[in-house]
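Please build the complete structure, drawing on both the sequences and the hints.
Chains A and B are the protein sequences, given in the same order.
When you line the first sequence up against the working numbering, it's residues 56 to 346, in that order.
When you line the second sequence up against the working numbering, it's residues 2 to 84, in that order.
A portion of the hints provided could be inaccurate.
Lysine-lysine pairs mimicking DSS-like chemistry, simulated, CA-CA at most 30 Å apart [as the list claims (entries may be wrong)]: (1) K339(A) x K27(B); (2) K151(A) x K70(B); (3) K162(A) x K100(A); (4) K46(B) x K135(A); (5) K70(B) x K300(A); (6) K76(B) x K120(A); (7) K76(B) x K151(A); (8) K151(A) x K46(B); (9) K46(B) x K146(A); (10) K300(A) x K35(B); (11) K100(A) x K63(A); (12) K57(A) x K35(B); (13) K35(B) x K84(A); (14) K63(A) x K76(B); (15) K35(B) x K146(A); (16) K74(A) x K46(B); (17) K84(A) x K70(B); (18) K135(A) x K76(B); (19) K74(B) x K300(A); (20) K27(B) x K46(B); (21) K70(B) x K146(A); (22) K57(A) x K76(B); (23) K76(B) x K96(A); (24) K135(A) x K27(B).
Keep in mind the hints are simulated off the structure, nothing from the lab.
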Amino acid sequence: MKCDSCEKSAIFSGPQYCKEHFCEYLEDKVLSTIKNFGLLKKKDKIVVGASGGKDSLTILYMLNKFCYNVTALAIDEGIKNYRDLSLFTLKEFCEKNKIKLRVVSFKDKFNKSLDEILFKKNERPCTVCGVFRRYLLNLHARDYDALVTGHNMDDEAQAIVMNLVKNNISALQRAGPKTGITTSKKFTSRVKPLYFCSEKEVMSYAFINNLTTNFNECPNVSMSFRLRIRNTLNEIEGSMPGTKKNIIEWSLNNKGIVVAPKTNLEECCVCGELSSTSVCMACKYSKKIKV
Amino acid sequence: MLFFNILDSFNNLLGFSDFMEVYIDKDNRQVTLKFNGNMGSLLNKLKINPETVIVVRENVLLTEDVVLKNSDKIKILSVISGG
Chain A
56 MKCDSCEKSA
66 IFSGPQYCKE
76 HFCEYLEDKV
86 LSTIKNFGLL
96 KKKDKIVVGA
106 SGGKDSLTIL
116 YMLNKFCYNV
126 TALAIDEGIK
136 NYRDLSLFTL
146 KEFCEKNKIK
156 LRVVSFKDKF
166 NKSLDEILFK
176 KNERPCTVCG
186 VFRRYLLNLH
196 ARDYDALVTG
206 HNMDDEAQAI
216 VMNLVKNNIS
226 ALQRAGPKTG
236 ITTSKKFTSR
246 VKPLYFCSEK
256 EVMSYAFINN
266 LTTNFNECPN
276 VSMSFRLRIR
286 NTLNEIEGSM
296 PGTKKNIIEW
306 SLNNKGIVVA
316 PKTNLEECCV
326 CGELSSTSVC
336 MACKYSKKIK
346 V
Chain B
2 MLFFNILDSF
12 NNLLGFSDFM
22 EVYIDKDNRQ
32 VTLKFNGNMG
42 SLLNKLKINP
52 ETVIVVRENV
62 LLTEDVVLKN
72 SDKIKILSVI
82 SGG
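Printed below as a string of structure tokens:
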């Protein structure tokens, strides 16, 4: 199979590109997403939520290459033999690429690691982890103009289907490359430049550019609802290519059709952070698991 | 015995080794098999959805139409979420 743009052999199909043209194609796609959705400005002070996985390393690498002013922010949940390994990769990557790195942990803020929380309480790992992670990201992204995350097209298509299944209209309304648009100084808008890049494209880019060899998966993923949706979507995509892209485009094109009731943000009466209820989810979970 | 060892070495050198070595990272297992066909049909044989993996030979990504040899050493890497 030849590259669509030159005589070299293709290393990626659908579209067919050689190594150099594939990287050019993916970087152009990310730059177009940034431009078309007004995600970032060159003068912005940007923080990237980084885990050390292929997605966050790819977006850190690209933004650094495009000369954006980026800092990496890692949340150490405390997942043994997983997060310690990915944080090691992230530290090496940031040192090599001269990117500033901040690491904040569940243990420091909530007194327990995720492993310790799950050992004592019968909680769904992804729910607790998601609430605490979002809380810490929001808290530490405050001094920045934008919080970039490495969510890709697969992540977003899965989230849309999950929210459909759960009839979560307000979450469906929030879906898109730019979310969390609010005037409050306590909230930094979240942007997803990899929104139109498939997981396979991101993985191929990370591999070609030698960004990481650590492709481990979170040990708690087997317990997640997302995994079932992911497997189903991958199965459908195999026989009907373009399914995931159609899902995210449907979501973007039909935002006005599903109208969610307005939620007013207020300050949590315990910690003072923004919340849609009088006590935020992080404080509710902190009390529940007595961290 | 010595004759066969020497023959094996020649075969390996010339790329005529009898078995293909396939490493599947998701299961952390190595499969040795005889196989004629392209990368797409190898994934089909191993019952792996192409959407969920990238396939590498000598550190180069392969597309599904690439014809494989029995002397090849193949790595199948899972496309998995970070986060």
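Failing hints, ascending?
Violated hints (numbers, rising): 1, 2, 4, 5, 8, 9, 10, 11, 13, 15, 17, 19, 21 and 23; every other hint is consistent with the structure.
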